[in-house]
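Taken in order, these protein sequences are the chains called A and B. If you're matching positions, the first sequence starts at 1 in our numbering and goes up one per residue. If you're matching positions, the second sequence starts at 1001 in our numbering and goes up one per residue.
Quick caveat, the hints were computed from the structure, so don't treat them as lab data. Some hints here could point you the wrong way.
[To be verified] Computed beta-carbon distance windows for the label pairs:
no.	chain 1	residue 1	chain 2	residue 2	range
1	B	Arg1131	A	Gly448	18 to 28 Å
2	B	Gly1011	A	Gly448	43 to 53 Å
3	B	Lys1012	A	Arg94	50 to 60 Å
4	A	Asp784	B	Gly1011	30 to 40 Å
5	B	Asn1084	A	Thr654	22 to 32 Å
6	B	Gly1033	A	Thr480	27 to 37 Å
7	A	Gly67	B	Asn1010	48 to 58 Å
8	A	Ala113	B	Gly1011	41 to 51 Å
[As the list claims (entries may be wrong)] With the Cβ distance kept under 7 Å, some of the chain B side facing chain A (calculated, not the full set):
no.	residue
9	Leu1032
10	Pro1105
11	Ala1113
12	Cys1137
13	Tyr1140
14	Val1144
[Claimed, not checked] Okay, the calculated bits of chain B under chain A, using three or more residues with CB under 8 Å as the criterion:
no.	region
15	1004 to 1013
16	1041 to 1048
17	1071 to 1083
18	1091 to 1098
Here the structure is a predicted model, which means the values were calculated and not measured. Even for Gly, the Cβ is constructed at its ideal location relative to N, Cα and C.
Here's the letter readout for the chains.
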Amino acid sequence: MRGKVMETIAIGKNIQREEGIGKVTGSGKFAMDLEMPRMLWAKIKRSTRPHAKLVRVDTSKAKALAGVHAVIVDTDCPQTLFGFGCYDEPLLARTKVRYIGEPVVAVAAESEAIAEEACDLIEIEYDDLPAVFDVHEAFRSDPPTIIHEEQAGYRRVPIGPEQYNPEHPNAFGYYRIRSGDVTVGFEQADSVVESTYTNAMIAHAPMERHNSVSLWDGDGNVTVWSSSQAAYCLLNQISEALDLPHSKIRVIIPKYVGGGFGGKIEMKSEGLCAVLSKAAGHRPIKIEYTQEESLCWAGVQHPFEIKLKTGVKKDGAIVSCEMFVLVNGGAYAQHGFLVTRQASYGPLGSYRFPNFKLDNYVVYTNQPPGVAYRGFGNTQIHWALESHMDELAHAIGIDPVAIRLKNVLVEGEINTAGETQHSVAGEELIREITTAIGWGSDFVRKDGPWCRGRGLAIANKDSIAPSASTAFVKIHNDETVEIRHSAGNMGQGSSTTFIQLAAEALQVDPARVRTAQIDTWVTPYDQLSGSSRLTFAGGNAVLMACDDVKLQVFKLAAPVLEADAGDLELADMKVFVKGEPERFVRVKDLFRTPYFTGSFLPTGGELLGKATFYVSASKVDPETGKCGDDGLRRIFSFCTRAAQAVEVAVNIETGQVRLERIAIANDVGRAINPMSCEGQMHAALTMGLGGALYEELQLESGAIRNADLESYRFPTAKDAPPNAGVSTHIVEIPQPDGPFQAKGFCEATIAPTAPAIGNAIFDAIGVRMTHMPMTAERILAAIDAKNEAARAR
Amino acid sequence: MSRNLEFELNGKTCRRDVEPNTLLKDMLRLDLGMTGTKETCGEGICGACTVLVNGMPVRSCLVLAMQVGNHSVETIEGIGNAQNLHPLQQAFLEHGAFQCGWCTPGMIMTAKALLAANPDPSEAEIRDAIRGNLCRCTGYVKIVEAIQAAAATARGSNPLAQSQ
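Bound conformation, chain B alone:
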């Protein structure tokens, strides 16, 4: 028995009929065709399916779609595109911070939440933030570099953040 769901998705109101047991990642990937959000483990370990709910990183494989009713959801598709990359996307590209790229959307969403809370994180703070985003290919070196570079760019473009 499907139910009405209304929530904010990447800044726009979204209305869907969903089953009560539909997972958020399945609504995004299968129902809405937003396949930028990936899934690997399906049990909240790997972080590939990370999206932001009210700005907080959550594992969309562990959240029911119904739970985001009246909340705001942000996915990789909402933060930038080829013509207008988010500073994190730009930094990942320039620093070669991916190999296969499967973990990249979840990694970028986690990093976005980190930089919103902490515009100038240390390397240890970055590693702590992304410890739940598994990457099999890169060794994390260039991911850390890219997040540091994006943070510097963001601080440079925001005098308030820079003065803090």
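With the rest of the complex left out, here is chain A:
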């Protein structure tokens, strides 16, 4: 299939976004723009203690305030626990609080201001417990405190090895990979390098703060309008938290969602506000998270500590690698176990490891809970691995490009986990970025206090399996095509991707295709908008639903055309006999319109194609994390790869780093919409750069000290490099089972940025940064330490 050229009408075209007009004119309605008649506003009274028993919660003054309609505590809520694989979280704190910011009381009032005033009137008496923030302390067999005493009894989704280990009572998730014998491998190595890398907690900071409207109506149905990125995950969590069947819950996501990045997958306050709605006499309840709530308490990126020990031969071949990872999970599990599992496989998607051993624990602490963050831990794992790869190259005196080319996976290779690798763009990506940046060419290295250097990094992201996505495709009587799908379009452009795929499959002008708003009473199941899976899984489902609707069209047209359904084709909404384009009937003419009663089809009800795309996965041995030779050799749906090369300038007097040039390459299988692909690749300039150099939620005993956009700074237009310094490279290595050989790639876009910058800083000033963000202060401290060490010698 490689290199195959096909005439297309929609695939590969820069078609404007379906939601574009709404975005540029401001007419598009986001969840935050919704208002309902008789709507009330909710506010949450949150814990001010990192770990404490609740002694007394007095809501009497709040309840007495004029304009307050409901005040609820834990005992007013269903006594359930919800979660995402580990069910450990109540809607409101139950007998104790586990982090600063945990919801304790919820209030509904006639205005946001009254609700806030009511929260101020609530009195909470705490009995403080010892708190633990450091992941090592929390991980101990005799930790200073146990955060979830009931953990052994929690309901869990089985995944890999045993997740709860009484030896580490605060660890709530564990993953392990074993291949070969690392001890034997290290004996074969010419050089062995050991290092440790860490990262700070950072925020997703979507521009549309988390918000929703919840209504628990008199018929017992719960309807939620939310800024969520994952309708069916939300539906499932509401169901668990409220102990209601799925059929009673309706989730509506507007076509406009202001960013997600993994931070809008789990339920936020949708379930809680449903309880408020019932308590307030079935009135709709709106909640808008404040900037502080959105940054700190709607899920954050997990801080990792990654220890690596790797042995290499003189020619650069890796012979052995051992990794030990501790993930600071925060006070509730949320996506922690999945982040841990995904990150564990990260190294194996990049390189071959003849001997490999990994242990990865995610641990409860009294910090805000971590969630998925554009890559489920892959940003952290590749930050460590790619910095470490440069250390290995320097240890044996070869070029950082050479060591990567020596070890990078190739097409069709079975990786260390036993999985066959398809659509592998390792070498191709490295060639693209090194050519673009002029790797190996001379450049001005010193300019006053500014020292320049270059660095590169590669990364990858596996997409979840098993995975399922359903699509409906309806052809209306005006020959407009409507796609019903529940893929959250939080900015990445998935609805336009689906439109392009359907237009191609049905051979119709994409302007005649639209998507429906997500409404789980209408739009079918989709696993989630996450794991870079929509183009692949959702796209395949759309293509299959197009096939189904075509069959329905052909069945209706066959008697009209006096031909076999199998001999018909569809283009431009004309059904014609193959080879006889003049023998046709228009699709709209298949409908009948008697009297004034609308139009209908004589059979079949409506032209509605339905299909589910399902990816199965191989059985994985929980002891080794590997799959066997089962004829499938598939642990994930697909793997997407990324590479970046950068040139930075480091000011040795101030520690400031300027990103001057960056070459960004991603493999996408096939670019359905190149302009949209480039738009996602540019994310490296804001999310990747910010995480690499500045972004950090500053914690002090569990409290976040910079919970606003003034002190939590992410890159502005002046921090990003000028356009002439940015080059993007779309690499198309066909994904065999992707829709038109395409696959997703959005998560991998930001993972190489930090290690590429770290490697360039080393190239510039000979200082190895091991903690991200690489702030000016940390760079100056590292320069001082290096000078100190040199003096000591």
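Knowing the structure of chain A, use the given hints to seat chain B on it.
Leaving out everything else, chain B in the frame of chain A:
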């Protein structure tokens, strides 16, 4: 105690009764239902709520509604619509200068004020103008391209501007 307010909104006289402590963004979004103006940080950092007052970009989260009395206010709803897009709106659409689109109205309003003052801005001048409009998704590359393209279109359609 509400007070009478009269001002010009997108070219038309607008009369409202507002509380003295009502913010401009709340009057626009909640009272007038003009939700094209967005709000993120609420403290003048992110620029999502940018509107033009007498042609100057202001943060509507930092301005009281009463302060615009007898002044002219322009919002994203006033500069174009689906049938008649403003050149900036057209350029943002054609260049794919948004991902989630939340920052787009504020970004376009800031760019409109820039191009009114400087019809042929350099890339550095564009970046300087939009430095107070945060975007989390795009990396700013296509936003800069779109503003450059809109500026070129505007100059092309205005011989006076072109000759300057």
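Structure-based check of all given hints:
Taken as a hint, the range 18 to 28 Å holds for the pair B:Arg1131 and A:Gly448, whose Cβ atoms sit roughly 24 Å apart. Against the hinted window of 43 to 53 Å, the Cβ-Cβ separation of B:Gly1011 and A:Gly448 comes to about 52 Å, which satisfies the hint. For B:Lys1012 paired with A:Arg94, a C-beta distance near 54 Å keeps the hint of 50 to 60 Å intact. Roughly 60 Å separates the CB atoms of A:Asp784 and B:Gly1011, a value that falls outside the hinted 30 to 40 Å.
Under the hint 22 to 32 Å, the C-beta atoms of B:Asn1084 and A:Thr654, about 49 Å apart, miss the expected range. In this structure, B:Gly1033 and A:Thr480 meet the distance hint of 27 to 37 Å, their C-beta atoms being roughly 29 Å apart. Look at A:Gly67 against B:Asn1010: about 33 Å separates their beta carbons, and that is not inside 48 to 58 Å. Our hint of 41 to 51 Å for A:Ala113 and B:Gly1011 is violated, since their Cβ atoms are close to 32 Å apart.
This hint is violated: B:Leu1032 has a C-beta 12 Å from the nearest C-beta of chain A, more than the 7 Å allowed. The closest approach between the C-beta of B:Pro1105 and any C-beta of chain A is roughly 4 Å, which is under the 7 Å cut-off, so the hint is satisfied. Hint status for B:Ala1113: violated, given a least beta-carbon distance of 15 Å to chain A, over 7 Å. With its C-beta approaching chain A no nearer than about 5 Å, B:Cys1137 sits inside the 7 Å limit, and its interface hint holds.
Here the hint on B:Tyr1140 is kept, as its CB sits about 4 Å from the closest CB of chain A, short of 7 Å. With its C-beta approaching chain A no nearer than about 6 Å, B:Val1144 sits inside the 7 Å limit, and its interface hint holds. Residues of the region 1004 to 1013 of chain B lying with their CB closer than 8 Å to a CB of chain A number 0, which falls below the three-residue condition for coverage. Residues of the region 1041 to 1048 of chain B with a Cβ under 8 Å from some Cβ of chain A number 6, which satisfies the need for three, so the listed coverage holds.
Under a criterion of three residues with beta carbons nearer than 8 Å to beta carbons of chain A, the stated coverage of the region 1071 to 1083 of chain B is upheld, 6 such residues being counted. A stretch counts as covered by a chain when three or more of its residues have a beta carbon under 8 Å from one of that chain; for the region 1091 to 1098 of chain B and chain A the count is 6, and the coverage holds.
Hint check: violations occur at hints 4, 5, 7, 8, 9, 11, 15; the rest are consistent with the structure.
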